[in-house]
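*Asks:* Chains S and C, in that order, are what the protein sequence lines are.
FYI, the numbering for the first sequence is 1 to 432, going by our numbering.
FYI, the numbering for the second sequence is 1001 to 1288, going by our numbering.
Just so you know, not all the hints are guaranteed correct.
[What the hints assert, rightly or not] Below 27 Å or equal to it, Euclidean Cα-Cα: the simulated DSSO-like pairs (lysine-lysine) are:
(1) C:Lys1258 / C:Lys1191
(2) C:Lys1071 / C:Lys1101
(3) C:Lys1258 / C:Lys1232
(4) S:Lys338 / S:Lys234
(5) C:Lys1195 / C:Lys1232
(6) C:Lys1036 / C:Lys1279
(7) S:Lys338 / C:Lys1036
(8) C:Lys1071 / C:Lys1128
(9) C:Lys1195 / C:Lys1227
(10) S:Lys234 / C:Lys1280
(11) C:Lys1071 / C:Lys1258
(12) S:Lys234 / C:Lys1287
(13) S:Lys338 / C:Lys1287
(14) C:Lys1092 / C:Lys1118
(15) C:Lys1258 / C:Lys1280
(16) S:Lys363 / C:Lys1036
(17) C:Lys1279 / S:Lys234
(18) S:Lys398 / S:Lys338
(19) C:Lys1280 / S:Lys338
(20) S:Lys398 / C:Lys1287
(21) C:Lys1128 / C:Lys1191
For the record, the hints were derived by calculation from the structure and aren't laboratory data.
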Amino acid sequence: MSNHVSTYKPQSRMAKWWDDRLPIARLMHDSFVDFPTPRNLNYLWTFGGILSFCLVAQIVTGLVLAMHYQPSGADAFNSVERIRRDVNFGWMIRNFHAVGASMFFVAVYIHIFRGLYYGSYKAPREILWILGVLIFLAMMATAFMGYALPWGQMSFWGVTVITNLFSSLDGVVPGVGTAIVTWLWGGFSVSGATLNRFFSLHYLLPFVIMGLVILHVWALHVAGQNNPTGLDLKHKSDSVPMAPFAVMKDAVGLFAFLIVFAWFVFFLPDYLGHADNYIEANPLVTPPHIVPEWYFLPFYAILRAIPSKLGGVLAMFGAIAVLFFVPWLDTSRVRSTKYRPIYRWFFWLFVISCLALGYLGAKPADGIYVFWARVFTFYYFAHFLIVMPIVGLIETPKQLPRSITEDVLGPGKQTGGGMGIPAGAAAAPEKR
Amino acid sequence: MIKTSLRAASVALAVVLALAPLPVMGAGGEHIVIDKQQWPFAGFRGQFNAGQLQRGFQVYQENCSSCHGLKRLAFRNLVQPGGPEFPEDSVKSLAAGWPNKITDGPNDKGKMFERPAKLSDPILGPHKNEAEARDAFNGALPPDFSVIAKARGIEPTAPWYTHIFLMMRDIATGYQEGGPDYIYALLTGYKNAPKDFNLSDGMNYNAAFPGHQIAMVPPLAKDNFVKYQDGKGSLEQNAKDVAAFLAWAADPSLNERKRIGWQVMLYLLVTTVLLFLAKKRIWSRIKH
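Make a model of the complete structure from these sequences and hints.
*Replies:* Now the structure itself:
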């Protein structure tokens, strides 16, 4: 945290020499070893570390795949098949990358819902939250362009449908939409030129995400981590040093997550994909149902729920844009939903709406499905624009514990309110 | 024998179930129920059975290969571990005698020429290109079979409230065999069209095919199937073996993948338990 005094002591002359010139070891020590983490964090807080792993894993596997992949309309599909069949362990690297994209989104959705539940977006973490939304947006762009690369039928038609959305801008200024679409495609239809630029951007964006993640972690280390009570760190006894406490917990969370990850990589590599993407892209044959990857389904349902094309596009982008304003839409005095008796019901209703929209996004857009998609789309926006401001004002929060320490140890066990009595954990664990 | 007739009965039942709602729902919104089959390579412990893949290749060679290519596979793949594992010498002579020759060149005279296939060459179908194939089949295109088992699947037909449970079951059991299930249903799905069904000219009725009209003539029949080396065989057995062979063709690394998968799972499970114990020990220093 910003007011945290560095405890780094260089152990050798070499380390001292470096520390006087570029104190990077000190930065790492203060950020990831001695960094004070709330002592009451639960396993939902391990997803930050898990997401860092996902990003690095995607970059490493992607790097190897790019050595074998041919980004051209004629060869892309063939080269992916070559990777699956003839490259040494190509099947494993390719499965890891494809499943990894899905796992990245599993983790990021848990991470986002955790932030929403415990009010991690509220002051002083607004910038931290906004950086997170930007990372989410960049992830969506990267995943969308990555899905184009195998150049199967779903790749091709997914790109066609989504890029075509921009043509709805013709309704605002005639010609602008078409011009943007032509510019995106690099021609007058989705073609090898489109694939080539998508590959280029797919390679670029992960490094943009990396930069945003660095800012995200920086902002996190200035404001400090939120925790299940939503209370600020007040006493030294409220926190434990990141190493070994939080690091160890992160490691358990990461490996438990990797069990699920590996299960999909080795036993269900194609479960999360679509069979049609094993058919080579063909501009002359449209698949009966064009569906995006599962992690886009809720937004796809919102897009199709609105009767007008432009309206649907605006709603879809609005569904993400609204997240930027969450810190100011929530009027509650307390952060954590644990202490919010009314809001908690609405939170779970919101979770159900997102799952329902995901289900409806995979269904054809007709009949009863459209009706329900509209109901849940309405609630998606109402949750942010109506429920969050109003419930925060009318709700009386439950009694908060006086501190994190009291929450953990029980009432009255307050260790000396910053009076210089050291927390056992931080100071001398062996003496406890 | 009992198994076979049971299977036939269940297919018949599936057909009845699939056809029953036809007049009401029409061709568009109708769901076709495809039965799941037992496969030796299914689930998280399954491995390909080389004998079944060899029989399946025989069905492909004697029946399918007259229209369908297998261009992403090389003859050498038929030798490699985890596949049909034919002896190398017999695959060499198979390749040399394969009717669809390899176009090579240009030679010293600048001319392209045809030569017999080698182990490293792809298993080609009879047509040089799509136009030639379409010309031969009245405008229809017999698809290449290299990834066909991955490119087909089963659409979930369950009501919405059971969806999540069926999904969990498929994930827990490692179900990935929608492709071969569909191929089996298709090959055994040729029936006489119902009386009120409007079948177009040159098309055939098939219970499993979306829309029920398929250009492919029945490749196998009750009285016209491939006889194996032991003189036995049946429509159902042929369909099953060739579906298994195509599943291998689309996913030749399955055996290795699942074998390594178990080692990875074991390593991760043990490490997670050890990490958890270490974490408990470290956190026991403080109340939490």
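*Asks:* If a hint holds in the structure, say so; if it does not, say that too.
*Replies:* Verification of the hints:
Distance restraint check for C:Lys1258 and C:Lys1191: the Cα-Cα separation of roughly 37 Å exceeds the 27 Å cut-off, and the hinted pair is therefore not satisfied. Annotation: proposed proximity of C:Lys1071 to C:Lys1101 holds, straight-line Cα distance about 12 Å (limit 27 Å). Simply put, C:Lys1258 and C:Lys1232 have alpha-carbon atoms about 32 Å apart, too far for the 27 Å limit, and the pair is violated. Distance restraint check for S:Lys338 and S:Lys234: the Cα-Cα separation of roughly 19 Å lies within the 27 Å cut-off, and the hinted pair is therefore satisfied.
As the CA atoms of C:Lys1195 and C:Lys1232 are separated by approximately 35 Å, the hinted pair breaks the 27 Å bound. With a CA separation close to 44 Å, the supplied pair C:Lys1036 and C:Lys1279 exceeds the 27 Å bound. Distance hint between S:Lys338 and C:Lys1036 is unfulfilled; the C-alpha atoms sit about 45 Å from each other, more than 27 Å. The suggested pairing of C:Lys1071 with C:Lys1128 holds, with an alpha-carbon distance near 11 Å, which does not exceed 27 Å.
A threshold of 27 Å between alpha carbons decides the hint, and for C:Lys1195 with C:Lys1227 the separation of about 34 Å lies outside it, so the pair is violated. Restraint check for S:Lys234 and C:Lys1280: satisfied, since their Cα atoms lie roughly 26 Å apart, inside the 27 Å limit. Our distance criterion of 27 Å between C-alpha atoms is met by C:Lys1071 and C:Lys1258, whose separation comes to about 25 Å. Only pairs whose Cα atoms come within 27 Å are accepted, and S:Lys234 paired with C:Lys1287 is accepted, the gap being roughly 18 Å.
At most 27 Å may separate the alpha-carbon atoms for a hinted pair to count; S:Lys338 and C:Lys1287 meet this at roughly 21 Å. Distance hint between C:Lys1092 and C:Lys1118 is fulfilled; the C-alpha atoms sit about 7 Å from each other, no more than 27 Å. As the CA atoms of C:Lys1258 and C:Lys1280 are separated by approximately 33 Å, the hinted pair breaks the 27 Å bound. For a cut-off of 27 Å, the pair hint linking S:Lys363 to C:Lys1036 stands: about 22 Å separates their Cα positions.
For a cut-off of 27 Å, the pair hint linking C:Lys1279 to S:Lys234 stands: about 25 Å separates their Cα positions. With a C-alpha separation of about 8 Å, the suggested pair S:Lys398 and S:Lys338 falls inside the 27 Å cut-off, and the hint holds. Of the supplied pair hints, the one linking C:Lys1280 and S:Lys338 holds, its CA atoms being roughly 25 Å apart against a limit of 27 Å. Restraint check: the Cα-Cα separation between S:Lys398 and C:Lys1287 comes to about 24 Å, which is no more than 27 Å; the hinted pair holds.
As the CA atoms of C:Lys1128 and C:Lys1191 are separated by approximately 32 Å, the hinted pair breaks the 27 Å bound.
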